[in-house]
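Asks: Let the sequences and hints guide you as you build the complete structure.
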Amino acid sequence: MSIITITAGSYSNGRQIAKSAAKRLNYEYIDSENISSLVSKEFGVPESNIMRALKETPSSVGMFSKAKPEYIIFIETLIAEYLLKNNIVYYGVVVLPLIQEVSHVLKVQIIADLESRIKNRMKLDNVSQDKACKTLVKEDNQQKKWAEAVYNIDLTDPNLYDLVINIGHIQDDDVEGALETIIGTVKHKKFQPMTYSLRCMKNVAMSCRVRATLADIDSKMQVKSDEGTVYTYTKAIKKKAQDKVLEMKQKVMRIEGVKHIEVFIDYDLFTTVAHGQ
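The working numbering puts the first residue of the sequence shown at 1, with every later residue one more than the last.
Since the hints were derived computationally from the structure, they do not count as laboratory data. This list has only true hints and no planted wrong ones.
Derived lysine-lysine pairs resembling DSSO-like cross-links, with alpha carbons at most 27 Å apart:
1. Lys19 to Lys123
2. Lys19 to Lys85
3. Lys202 to Lys107
4. Lys19 to Lys138
5. Lys144 to Lys134
6. Lys187 to Lys202
7. Lys134 to Lys123
8. Lys41 to Lys85
9. Lys202 to Lys190
10. Lys259 to Lys85
11. Lys85 to Lys251
12. Lys235 to Lys259
13. Lys85 to Lys190
14. Lys68 to Lys144
15. Lys189 to Lys23
16. Lys251 to Lys202
17. Lys85 to Lys187
18. Lys68 to Lys251
19. Lys23 to Lys85
20. Lys55 to Lys145
21. Lys202 to Lys68
If you anchor each label on the Cβ, the simulated ranges turn out as follows:
22. Thr181 to Ser10: 13 to 23 Å
23. His169 to Met253: 48 to 58 Å
24. Lys259 to Lys131: 54 to 64 Å
25. Glu148 to Glu256: 29 to 39 Å
26. Gln250 to Asn159: 31 to 41 Å
27. Glu139 to Asn166: 12 to 22 Å
28. Ser128 to Arg254: 53 to 63 Å
29. Lys235 to Gln100: 22 to 32 Å
30. Leu114 to Glu262: 40 to 50 Å
31. Lys187 to Ala241: 43 to 53 Å
32. Tyr196 to Lys131: 41 to 51 Å
33. Glu176 to Leu84: 29 to 39 Å
34. Lys189 to His169: 25 to 35 Å
35. Ala241 to Asp125: 52 to 62 Å
Yeah, the Cβ is synthetic: ideal placement off N, Cα and C, and Gly gets one too.
Replies: Following this line, the structure appears as structure tokens:
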């Protein structure tokens, strides 16, 4: 009943390891890309735009377009709701910072030295060493900038993960060694779902759904949920505030599972109430 998330740089065998782990454990495999069609269908956004939002950073287009943060919110929502099913292996970065407190999620990072990744890319894509190296360095920088822009995180920070595996330091069959390590770890009692961790995951999914519902009003809105009670903070409704608050409350109360919503335009008050300080 656990969840495994795996992140990795390109050509580090991360996706292969994630798919193999899902098969071995009889878990379902998902990633940000294969869920993009579902996001497109539910939210009416072209799939090509969703794929761009997963790769482009503000610096690559000058700044985010108005819609772009919404795309990430939409992706977060479907992934978070998918993770409620448990028995999932998820490969990707989206939602990783949002589920740090969910203890039954085993968060794994796969790393590999650049030389091994270059050889892997040369073999799989039939390209020169120089081209493979330049492309990998570019992709690494792009992924780093994306994570910093969207989540303000450093993907190399080990504190984001429960397990960091350098596949070049395991054994001759790096993939098999990583698989055995992941499968052995996820069986540990710590990663079995408990009442509190299941509630945390539900709260994350609810917060994502609320943000998606209100993204047209404020895509930078902060939301915290606690067993059906929703707290929101927004700076986007200072004009016609009463009408906007009413509109927000009406939208959110239509979401299944929502019992009550509070809307704050004072950040300090939001923090005090939502976090119980």
